[in-house]
Structure formats: C-alpha cells, structure tokens
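Colleague: As a plain string of letters, each chain reads:
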Amino acid sequence: MNALVFAQPLWLAAGAVALLVPIVLHLIAPRPPARAPLPTARFVEPQARARRYLSRRPRDPLLLALRCLFLALLFCALAGPRIAPPRSGTADILLIDPAADDTIVETARTGSDLEVVTDSFAGFADVLARLPRAAFTDTRADSVRVTWIAPFSQAGWTPGTTTMRAAWPGAIALVEAPLPTADTTTARGTAAVLVEGEAGRAIELALEALGYDFGADAAAAGVVVSAGPLPQGATREGATIIAVEDTGDDASLALFADGITVRDIAGSAIALAGDERVLATWDDGDIAAVVAVRDGRCMVRTGIDLRHPATRTAPELPELLRLLASGCAKNEPNRALPLGDAARTMLAGAGLPAAVAVASLPGSDVAGVALARWLLLTALVVAAAETLVAARRDRGTTRASPGTPRA
Amino acid sequence: MSERTDLLPPHLLDRLGGLELIARTVVRGFITGLHRAPLRGTGLDFAGHRAYQQGDELRHVDWRLVGRTDRYFVRQFREDANLRAWLVVDATASMGYAEPHGIPKLRYATILAAALAHIMLGSGDAVGLATFGDDVRLEAVPRSRRGHLHDLLIALQRLHAGGTASAAAALDRTADTLPRRGRIVLISDLLESDDGAALIDAAARIRARGDELVVLRVLTPTEAGRRAAPAATWYDPEQPDHAVPAELEADASLAERVRDYYDTLAARLRAHGAEYVALFTDQPVETALRRWIAARPVQR
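As they're listed, the protein sequences go chains A and B.
For the first sequence, the positions run 205 to 611 when the working numbering is used.
For the second sequence, the positions run 62 to 361 when the working numbering is used.
These are computed hints drawn from the structure, not numbers from a lab.
Bear in mind the structure is a predicted one, so any value in this text is a computation, not a measurement.
Take the hints with a grain of salt, since some may be wrong.
Here are the computed distance ranges between Cβ atoms for each label pair [stated by the list, open to error]:
| id | chain 1 | residue 1 | chain 2 | residue 2 | range |
| --- | --- | --- | --- | --- | --- |
| 1 | B | H303 | A | L223 | 38 to 48 Å |
| 2 | B | R318 | A | L584 | 47 to 57 Å |
| 3 | A | T591 | B | A230 | 19 to 29 Å |
| 4 | A | R263 | B | P301 | 46 to 56 Å |
Think of the CB as a built atom: it goes at the ideal place given N, C-alpha and C, for glycine as much as any other residue.
Isolated chain A, as found in the complex (with noise of 0.2 Å):
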C-alpha cells in the first residue's frame, strides 16, 4: 500500500499556524447589520459604531471554509507531497574493499541488505557519490546506515577523503579487514641482474649497494628488475621479479611504501590485480608498487620508473629497492601505510547520525507520484470561488433593496 511522503514536512505546521488567522479574524470581525424593515424608522436613532465583540459562531461559514481550504491546500502543495511506496526500517549497506579478508566480509555480509562492492579503490569516492541513489531505488528502508570493510592501509587516502566524505551525509562505520596472508614459500636471491634498459647500470650499482652480487649468469639471479618480458628461464624459482611497467604517465610524485617516503620520484599507477596486495602506493593514493608470488617466483609489479634520472638520484632509492626486492618475504599485511587518523575520524564522519533518513537523499524526491501541481492548481480554483462569493456578500450588504413586505 503506499503512503503519502512530505519532502518538506514543515510547512504543514507552517499551514497549521496560517490556519488559526481566517478562524480568528472571522471571529472577532464585527458583523454587518442585516436589512430590516421597520415602517417607523425615521424615529429610530442611528448607532455610529457596530459592536465587535468574540462570537462563538464564525461569520460567514461559507467563506470561512473556503478561506481555510485554499491555504490548506497551498501549504500541503508547499510540503511537497507524494505517493510513494512504503518504507519500513532501516537496511544496511556495506562497502566492501575486494582487498579485505574473506572472513570478515562473509561475517559482515550477514543481515546486510545491500552490498556494494569495489574493485578499485579509487572507486569509493563514485561508490559513496552513488549510494544515495542506490539506497533509494534497491531498498525498501526508511533509512540506512553504511559500513566499509576495508584494510584502510592507503596513506594516500587522506586527501582523498574530503570528496569521499561529503558524497554521504551520514556516518560511515569503518571495519578495518585484514589483507589476505601472502605466500612466504619464496626465497631470496643472492643477486641481482638487470636485463634491460639504457639506465640499467644505476640500477645495478643500486642492487650491488645493497648486497645483491652481479654475475653474468642471469639464471642464477635472485633479484630480477626488469623492464620488459623476460626470457623463458630467465630467472630461477625463489627468484623476486621485480616488473617496472610503463603506463605512459610520467610524473614527479612522492611514494610512500613501508615507512619509507620518497619525494619527487617519477613513476605512474597501476592497477592491483588478482592475488596481488600493495606494497607502495603515491600520494594521492594509486598504486605504486604490487606483489604476489606466481609460479614459485616472487612477482613485483611496479610503476615506478626506475630509469628516471628522478629516481635514480633519489637518496632514498636504496630502501625503496629493498623493499621491493623482500616484498614477498613479508608475510603480514602492509601495515607501513596505514590510514591516519584524521582521514579516519573524516572518513567515518563523527558526529553525524548513523541512519540516514531515505527520503532526505539527493534523488529521493523524483520517485512516486507528485501531488503538489494537483494541489496548487485546486487551491486555485478555490480561490477563485473565494472571490466570487465574498464579491456578492458585498454587493448584497450594500444593495439598497426594497424589501419585501408581507401583505
């Protein structure tokens, strides 16, 4: 069955309040002496001021009621009234980061009535700017409350939370998931070979930096950068691979991975795929930096170009390739990046209410059927029956008619 809705319920007790003056006024006006015959009436003596006084009986009913029902149907049009499907109860929509451990999404997805998931996460800004409109139309609750799961490990969140946060007018509960546990069955190389690229040689004298011996025999590689597809056989199993992938961006960015901050560094994002988790991301939050372990080789996928004269005399080069290189040697999340507190408390919106009224979302007003054209247009038409009845009570009080005597 459906219900009539008011988008803006406070101008029916504006209504309300607009009422009580026709009640009022007719009820205190003084009322015009009707016309009598009285054949001595030239020996009456005329009274200057009629009596005002408070009747109990309003003058004139007709116009009284006409009166009252024309504001009553313009500040019900004002409420801007509808028709729309009954809502009941409140539903609870999750966000959930595709990174976050299974088991606490499958716990989490129980009781919930809508679930919206991401696969990027630079989506969640979109996901939150629609999930006004999404609540409206997939739910049948009166309000709702949301809850992110996520491993909210993105430093590089915390400019990006302002726009996220005021896609949602209400507050947004965050559960922070645990990233899946990675595959520690790998093992580290003893040395490291650059395949490919004209700056390959800093990069070689970076690994020799760290302890990563040279030699020509590139099977025996633990440590493999490269720039391009390797060779079949190129590396051994337990050999870290570490892949700088060219997206075309070029940009002076500063990278944040495990503690470590390097600034003004070029590089580009890239997109975390399948079993992958984050080892870096850049500041505005893409990813720099993914790993996971294919075919018993530790796979570290990278944009960050490390052939750029930008990042080759960068200081912090030698621990950023470190960490790169023992990426698949950390078998616990990537916590070195983790969401600050400010960008939390503004994320999970502190202070606002946790249920959102449904109807109070952008775009909730275009669904069911609107009344307030239909009400605006009888309210003129009693209007106009307001004015022609008042206009002959006028002509009628001041019509000097005979009378009718009574033979």
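Since the structure of chain A is provided, determine the placement of chain B on it from the hints.
Modeller: Same frame as chain A, but now just chain B:
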C-alpha cells in the same frame, strides 16, 4: 371595560379560516356582553305607510293604524336615509410590516374592517370600501343590500400592501361621494410622509361638511418602540434608500418619539372633531373594537 381573556389573539384568529368566518367570530365576541347595540341610531327615517303585502315582516306592521283603520299597513323607511359609511383601509407598503410571530398590519386592518362592515351592515348602514396603496381605489360603493358583505370581504381578501399613496387623497375622494352626512372610518398606521399635515387638512374638510370621521390607528409594538429587536440596518418600506443602523433595545427614546408623533396627530384630529383610537396588533380585534366603542361620544 376589562380585557377579556377568552378572545383569540390576532395571530391565532388569523388561522381560523376565511375572512367571513373571522369577521363573524370577531363580531360575536365583540357583541357578547354588550348591553346595547354598538352602533345604534344610525338614521332610519320613517318615509310613510303602504298596504301590507304578503311577505312583509310583521314587525313593520303599524298596529296603531290597524286599530284605527282595521286595515293592515306597514311602515316604510327610506333606504337612503340610512347612514352611508366608507371603510378606508390603508394598503401602502408600511402596512405589510409584521413582527416575528405576528400578523401584518394590513391583515389586522382587514379583519377590523370586515368586523366593522359586519356590524354596520347589520345595523342597516350602507357600507363601502376604499383603499389606498399604489393609488386610491373605490373597491365597493356603499350599499346595504343583502350579499354586499360578501362583496366587501372578497375585496378585503384581495388587498396587498404596496405603494405610497396618501390617506388624505383617499379621504377626499370618499368624502366627495357622500351626499349628506355620513361616516368615514380610516384604518391606517398614519405614517405619512408629511407627518400627517395633509391628513389633518382632509379631516378638517370632512368635519366641516358634517361627516363623521373615525381614525383607527394600527401599529405593532416593535414600531412603537415597546418591543426590543436585534441590531439591524432599519429602513422604511416606503423609503427604502434611507437606512438606519441601530439596536432598537439600545434606543431608549424611540418609544417616546413615536408616542409624541401619534399624540400630536391625535390631538390635531380630535381638535377637528374626529375620533381617534390607537390600536396595536397584539390586541385581540374584539378588544380593539370595544376600546373604540368605549371611546365614542354619545350616539346621535
């Protein structure tokens, strides 16, 4: 004369039925208890004897002449020696006024006129009816024949209030038709536009000719200021454009002003020898008649 309590109030009397029944009821109630004929001495002139014919009333047989002559003779009376009377009824717009739960003044006047016609015709007078409303109309010339009462009642029943004709015009017109001394009974509320000046002059002319003039003033208690009425814009039906907003109960001197008007008019009428009786529509018609009879001078 004490007021009788068994008489019907005018608004109930009006529901009895036709005017003829009402008039008979009034006359019966009026005459009952009277010790003498109400209008005796109305002028039956002996005109001579003639031989008795079958069908003549025995009361008209002159028995003295029978004793002297052994022959039967009946007295003859001149019909035109009877009093000729006009009932002049005011049918102007103001006579249509009625109080709540009361009867219109015109209705009261017609009942009064019907009763008077009944009485006077019963006394052998010739009675006519004249009215003035939109204009002066001689509804029925004075006659005394059998059946004339019915004609008068029919004419009275058909009266409707309206117009602003003058009572003086009606008096002059009726007086012109009276060949010798007669009687004019004016039944009116006397609310004249000139405060009765023309009426006084007409009364003087009538009295100067030797005719009898009886003025029966009919008024409602509310008009006289004796009964309160709610606030309204009051207007004279004969002058509807002039309206006065007022609460009658707040106008304490209205009764005094109305009384002064009629007292002045009565004094001037009486100064010319006219009879004047003030009647109110809440009085039983029989009472009104008795008041008039009680106020009459010695019958001639």
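Colleague: All hints, please: hold or fail.
Modeller: Evaluated hints:
no.	hint	verdict
1	B:H303 x A:L223: 38 to 48 Å	41 Å, holds
2	B:R318 x A:L584: 47 to 57 Å	54 Å, holds
3	A:T591 x B:A230: 19 to 29 Å	50 Å, violated
4	A:R263 x B:P301: 46 to 56 Å	25 Å, violated
The structure fails hints 3 and 4 (numbered hints given earlier, in ascending order).
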